[in-house]
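Enquirer: Sequence:
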Amino acid sequence: MKVVDGVSGINGLAIDADGSFDLSGELATGIVKIRPDGTKDEKWTRTANLFGTNGLHIAGDRLYASVLTNAASPVVRTPLNDPTHRTTLANLSPNPFDAKPLDDFTTFDGNLIITSFRDGELIQVNPTTGRSGTLAIGLRMPTSVRVARGFGEHSAQHALFVSEASGRIVKDTIPRHGTTG
22 MKVVDGVSGI NGLAIDADGS FDLSGELATG IVKIRPDGTK DEKWTRTANL FGTNGLHIAG
82 DRLYASVLTN AASPVVRTPL NDPTHRTTLA NLSPNPFDAK PLDDFTTFDG NLIITSFRDG
142 ELIQVNPTTG RSGTLAIGLR MPTSVRVARG FGEHSAQHAL FVSEASGRIV KDTIPRHGTT
202 G
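Per our numbering, the sequence shown runs over residues 22 to 202.
Keep in mind that the hints were calculated from the coordinates and are not lab data. Do not take every clue at face value.
[Stated by the list, open to error] List of simulated lysine to any residue pairs, SDA-like, C-alpha gap at most 25 Å:
#1 LYS61 x THR50
#2 LYS64 x ASP119
#3 LYS64 x PRO122
#4 LYS64 x ALA38
#5 LYS61 x GLY46
#6 LYS61 x LEU48
#7 LYS192 x PRO122
#8 LYS61 x ILE36
#9 LYS64 x VAL97
#10 LYS64 x ASP82
#11 LYS61 x ILE79
#12 LYS64 x ASN116
#13 LYS61 x ASP39
#14 LYS64 x ASN32
#15 LYS61 x ASN32
#16 LYS64 x HIS106
#17 LYS64 x THR109
#18 LYS192 x SER153
#19 LYS192 x ALA180
#20 LYS192 x GLU142
#21 LYS61 x PHE72
#22 LYS61 x GLU47
#23 LYS61 x PRO122
#24 LYS61 x VAL28
#25 LYS61 x ALA49
#26 LYS192 x ARG139
#27 LYS64 x GLY30
#28 LYS192 x ILE79
#29 LYS64 x ARG83
#30 LYS61 x ALA92
The task is simple: from the sequences and hints, build the whole structure.
Expert: Right under this line is the structure:
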């Protein structure tokens, strides 16, 4: 059953508490908001004018986006109720010649967890301070990360599942240490 039509180049999807879809496109301008009735929120979309977004994630009342077209590899934070107050939470590539192609997100243990496609990493970012650190290395082109919820005996407190462009889905068991400073 088709829910939305006529939006091309979509790569990321986040669904907010109101049921609206937020859609990203790595070679598109803006984050498109589709209301639960299927109509496009034109004003919100115009205001969320950010080129080259990839992964999207909603935590609380904020939408987080990874940006592929910026060599600083930013993680951008946008209040859902006011996209004009968008800020850069963190730049994960301080060296522009070592840009990290960031992809998808999840929330784990109070932090954002982001996949770095080329580098094969999971990166942890504190959503309050923007401080970051590498959580896992050695993955094969990770594209998405999710917390285990009801998948066998895997614990939502310790297990992350990562999909890879290689075709694998791997489990990364993470000890809980609290949030990144």
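Enquirer: Against this structure, judge whether each hint is valid.
Expert: We went through each hint and held it up to the structure:
no., hint, verdict
1, LYS61 x THR50, "holds (15 Å)"
2, LYS64 x ASP119, "violated (35 Å)"
3, LYS64 x PRO122, "violated (29 Å)"
4, LYS64 x ALA38, "holds (19 Å)"
5, LYS61 x GLY46, "holds (15 Å)"
6, LYS61 x LEU48, "holds (19 Å)"
7, LYS192 x PRO122, "holds (21 Å)"
8, LYS61 x ILE36, "holds (14 Å)"
9, LYS64 x VAL97, "holds (19 Å)"
10, LYS64 x ASP82, "holds (18 Å)"
11, LYS61 x ILE79, "holds (19 Å)"
12, LYS64 x ASN116, "violated (35 Å)"
13, LYS61 x ASP39, "holds (14 Å)"
14, LYS64 x ASN32, "holds (21 Å)"
15, LYS61 x ASN32, "holds (17 Å)"
16, LYS64 x HIS106, "holds (14 Å)"
17, LYS64 x THR109, "holds (21 Å)"
18, LYS192 x SER153, "holds (21 Å)"
19, LYS192 x ALA180, "holds (6 Å)"
20, LYS192 x GLU142, "holds (13 Å)"
21, LYS61 x PHE72, "holds (18 Å)"
22, LYS61 x GLU47, "holds (19 Å)"
23, LYS61 x PRO122, "violated (28 Å)"
24, LYS61 x VAL28, "holds (10 Å)"
25, LYS61 x ALA49, "holds (16 Å)"
26, LYS192 x ARG139, "holds (19 Å)"
27, LYS64 x GLY30, "holds (20 Å)"
28, LYS192 x ILE79, "holds (22 Å)"
29, LYS64 x ARG83, "holds (17 Å)"
30, LYS61 x ALA92, "violated (30 Å)"
Of the numbered hints stated above, those contradicted by the structure are hints 2, 3, 12, 23, 30, listed in ascending order.
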